[in-house]
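From first to last, the protein sequence lines stand for chains A and B.
For the first sequence, this note's numbering assigns the number 1 to the initial residue and increments by one for each residue that follows.
For the second sequence, this note's numbering assigns the number 1 to the initial residue and increments by one for each residue that follows.
For the record, the hints were derived by calculation from the structure and aren't laboratory data.
Cβ coordinates follow ideal geometry from the N, Cα and C atoms, glycine included.
You may find that some hints are simply not true.
Simulated coverage check for chain A against chain B, where a stretch passes if three residues somewhere in it have a Cβ under 8 Å from a Cβ of chain B [claimed, not checked]: (1) 63-73; (2) 78-85; (3) 88-99; (4) 128-136.
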Amino acid sequence: MTETPVPDEREPRRFDHDLYDEESVEEARVVRPYALTRGRTRPGRSDLPLEALVRVVAGATDPVGTAERRRILDLTREQILSVAELSAHLSLPLGVVRVLVGDLADEGLVVVHTGSPAAAPPAANLKVLESVLDGISAL
Amino acid sequence: MAFPHSDVTVAPHPPDQAAGDPAGTPAAPVTVKIVVAGGFAVGKTTFIGSISDIEPLSTEAAMTEHSLGVDDAGGVSDRKTSTTVAMDFGRIALPGDLWLYLFGTPGQDRFHFMWDDLVTGAIGAVVLVDTERLEQCFDAVDYFEARQIPFVLAVNCFDGVARHSLDDVRSALAVRDEVPVFYTDARHRQATKQALITLVTLAMSRMP
């Protein structure tokens, strides 16, 4: 995959600009009102928890390269971050970030740590709660 | 009536499920969360900020995100009327590679679309109560009771003065005896800490 030219990163760009990027136009199937997510309001995978942690895969190169995707990759390269934190840092609604992160994970560019299977969240584990209690008490 | 036990299977150890990369990746912290509910300006963000490692962040969700189950561009016109709701949150790193997130959410029932999201996998909820506007937490109390989510009622004393007795608050909100009701001061780390301890202890007591 050739390196996508990187436009200068001032303010994060807003939605519609990416519509006209060559790369994204190539992928366009329909006119996209929810432009960043190509019209989708839900990620392909089941809804990501707000606290799901996202980390870039070492050496990941983004073939799409929209500003928002690049921001997610850059931020999670610095440190592991939750879906909620990405939403706050990008000033984008949670739903949009979920779709973007879902895409990046599907493309193997980020790893999403959901903590545990939905059937047994850490909060349902007595040992985890004990650790939380001890941890808070020691603060 | 005693609280029913959760029917969630308890895993011996929370496995770290990394999706997207089958190859070994560095371990990530285990994340847990607590919901901080209450009416507008009751002190949710102050409460979170008093103990969070990071400055409380704000994110928003569009109401229509969850009301629309579509997977294509079909519902565009519906989205014109979308409303957003802001949610503040903080994070506390605990020993043992545990990250505790505190999510503050408005207490009105029109925000339930967001609560469903928030309470999934949550330890429980701290409902901040302003005794001058008691009605603002009715929805939250109903919601958590109906879903058997552990919650505590933390009566925020804005000026360090308790205007109403805890018994009055308890009877006004008609909560069961098992629900802890106590005073807090959202500005103070120690009080916030105690509120969280009370909630986690309650959640533990309700485990099988």
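Hints, verified against the model:
no. : hint    : verdict
1   : 63-73   : violated (count 0)
2   : 78-85   : holds (count 4)
3   : 88-99   : holds (count 5)
4   : 128-136 : holds (count 9)
The earlier numbered hint that this structure contradicts is number 1, and it is the only one.
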